Amino acid sequence: MQEFVEFTLGGVSDGVIYAAIGLSLVLIWRATRVLNYAQGGLAMFTSYIALMVINATGNYWLGFVVALAAGLVIGGVVERVVIRPAAGKPHLNTVIVTIGLLILVEGLAGIIYGSKNRSFPTPYSIVGAKIGSFDLGEGASPSAIFTAVAVLAAAGLLAVLFRYTPVGLRMRASAFSGTVAQLMGVRVGRITTLGWALAGLIGALAGMLVTPQTFLYPNSMDSIFVLGFTAAVIGGLDSPGGAIVGGLILGVLLNYVTGYVGSNLPELAGLALLILVLMFRPSGLFASTATRQV
Amino acid sequence: MPASSLAVTDVVAGYNSTPVLNGVSITARPATITAVLGANGAGKTTLLRTISGFVRTRGGQVRLDDVSLTRLAPDHIARAGVAHVPEGQGVITELTVEENLKLGLLLRRRADRAAALEDAYRKFSILADRRRRHAATLSGGERQMLVIARALLSAPRVLLLDEPSLGLAPKVVAQVMDLVRQLRDESGLTVLLVEQNARSALSIADQGVVLNLGKVVATAAAGELAADVALRRHYLGF
Amino acid sequence: MTLARNAGLGIIACVVLLVLCSKLDAYRQYQMAQVAATVVAVAGLTVLIGVSGQLSIGHGAFMFVGGYATALLVLHLNWPLALAIVASAVVAGLAGGVMGVAAARLRGPYLAGATLMLAVALPAVAYQWQGVFGGDQGLDFTVNTPGFLGASFQLTEWQGWVCCICLVIVMVLLANLLRSRIGRSWRALRDNETAAALAGLNVARLRVLAFMLSAACAGVAGSLLAMTMLNVTPGAFTLALSIQLLTAVVLGGLGSLAGAVWGGIILVLVPPFLTDFAASHGFSSASASVPIAGYGLVLIIVMLVFPAGIQGGVRRLLGPVAPAATGPVSAIGRRLARRLEEGSTTDARQEGVDKEGTRWPDTAN
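Protein chains in written order, with the numbering used here: chain A, 64 to 357; chain B, -7 to 230; chain C, 1460 to 1824.
Some chain B residues flagged as far from chain A (calculated, every beta-carbon gap over 10 angstroms):
(1) Asp2
(2) Asn14
(3) Ile18
(4) Ser60
(5) Arg123
(6) Ser131
(7) Asn189
(8) Leu205
Cβ-Cβ distance ranges computed for the label pairs, FRET-style:
(9) Leu125/A / Asp1595/C: 34 to 44 angstroms
(10) Leu171/B / Pro229/A: 22 to 32 angstroms
(11) Phe1732/C / Ser286/A: 22 to 32 angstroms
(12) Arg102/B / Tyr323/A: 53 to 63 angstroms
(13) Asn180/A / Arg1487/C: 33 to 43 angstroms
(14) Phe197/A / Ile118/B: 56 to 66 angstroms
(15) Asn1537/C / Asn118/A: 52 to 62 angstroms
Because the hints were derived from the structure by calculation, they are not lab data.
Please read all numbers here as calculations on a predicted model, not as lab measurements.
Think of the CB as a built atom: it goes at the ideal place given N, C-alpha and C, for glycine as much as any other residue.
Please model the complete structure; the sequences and the hints are all you need to start from.
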């Protein structure tokens, strides 16, 4: 029983990270129909920026805010500088551009910061909570709770933005039909940039939250990105809610497999889950616009 | 706001190397309805798409009063006050009816939005009943109504209507035509109406323009066109 | 006719490559073997992506399968090398078939996600069953030069020969396949799946077949790399390898076998070059990162400036002056390109073939 609770809570705490990355990918997918393979790499880079600020000022929260702001700016700049010029070229070119961007930022991080592992601070303790003698594990530590709250709050704010604000309506209209949005006077180009910027912010948040566990090095976000991508695909790339659900399912499953079966098997379990879901739902669990994707 | 005029002058436009419009000139005077008539493939829809910026002009000019719209982006043209109701599409099915309507309101001042929406629901009561439903659940006719209502909500100066009667019940067509006429008379709306059904279009129009193979072959007052038996036989089929 | 001509060209290419290989020093022979093996994988992948229109970001997984199959067969069953390579192709092809069936309904990013996860997950097999696959250390095995070449014949030269011979065989087979009915069906499928299905093509079977074939090529490549390095480790078949293969396909020129050669050469030879360059320009502390950043930058620039990749750029240089093209295959020098490579994959959608309503005359005779 204790193990089960521990694995579940640990799974949720990992899962919200995958959910956050997945969510950022969904934002970009909806805005431009592009999968940004550099999303993890950019989050790694903003984490380095945060670490520099934290080391210079000793203030974690200042670094936190700077990282999110950097994510916002970098996301928007990337869309304008390398993604928009690739529009109209074969779709695979955009895929390769984002892969090139990933390789570039990882190389730059290595050049600027070196490739050694750096430890990364957490704002709260990572010691797991206990109820009497019942150990809930690290998944119930103040740090893990902060992680879950931060991601869910960000997702909630995005949901409010999408559903109840004119900007959100413009974003959804542009995502579902750029032509109609233009017809109604929406500046689709700006909305697209905004989508990338918000995705950059969410990615930076995920980087801040996960890096204390992984250490920071140029490739530190690679495996997190793969799992976040998997979460988004399981949920359906058009569905922000699907990314959250996909992330949680994936996180909990991988923790059960690691805990009960073997530490080498979570990736294989993730593959099996992905294939199984896609066999029945080729566009993810919460696909709403399957017919639109060509 | 005073009524606006739309002037299309010697426009050449098309999709590939061969132009669909070959030097088309049409002037829609303020607060009038201009019916654009012609057979399939005459270039009627392309004309509307060119005015609203989705087809690039290769020659000629499009002006809204004294502002040139030539080669502006579609969203810019929409903000300038040209609302385009495309044929048989234009509903975002993933959004609710109300969200679709609110898209039209985005161009209005914030203070006017709520009242305008209520006004639209009064005019289109079917949409009021279905306001929380996804637009995907609407019938073809209801969708067409939604798109027209949305275009009107943006308080346009010029309205481009592409085959509004397509898919609508005759009663609803009459209702829409009445509404268009009312908007012309009361709000000074300038309308460019593309129709296959020349008879019903001419019945409400002030002016008629006949397109054939990308060229204007006749421009006259609606009554004159309807009276010209040879022209009717040749191009309008009634 | 074409078969005979391709076979003839193949024999000439083979002789040239083997003579070239013999003239090189051991390190260059090793590099040549690596290039040849990489080109095999890239060529298989370019057929999958550029011709059949399916994306895979996980082809390293099939190289993993081919490499381990060869190691196990040589190590435990003492199979002769040629047989082990063929068997590796078959095993990897079967693995590709399984993946192809599982992925038959997937499109775009969903297919990308599934193949990406495959590349991440499969090496875990080596860690989980250490008794068979040797865990982190992998498996070491040996290859001997055949007796008829004499005792003084160097192993690196023999490895280079085997890789080059396999490369030529694979390229000749692929070139013929792309000109066959299957190749045409794949292109029809890529350009318009619905139309292809309506025309009576078995879309699902064709897609799975493409997956099997390209996985078999990756299996051969994995086998050749294993044979060159005389060991296999899970660390040699990382996600990075899969991504590099994909970048090589597009960088070289999507759907073109000639482009695959460019891509393979760049993948193997450019990083060491950049490392040397970085080291000699005072980047010593970060020298490992400079080529990485440089490669990323090159990818971005090439994709934005030469959307048709290197082979497209070559065609543009060789062709007559013409307006700039936007498609993966430049509009310029298209006829020459047809002559240069078999199974040219002019993309009808991007090329405006359908817009102008004409097919380009087939001048390859």
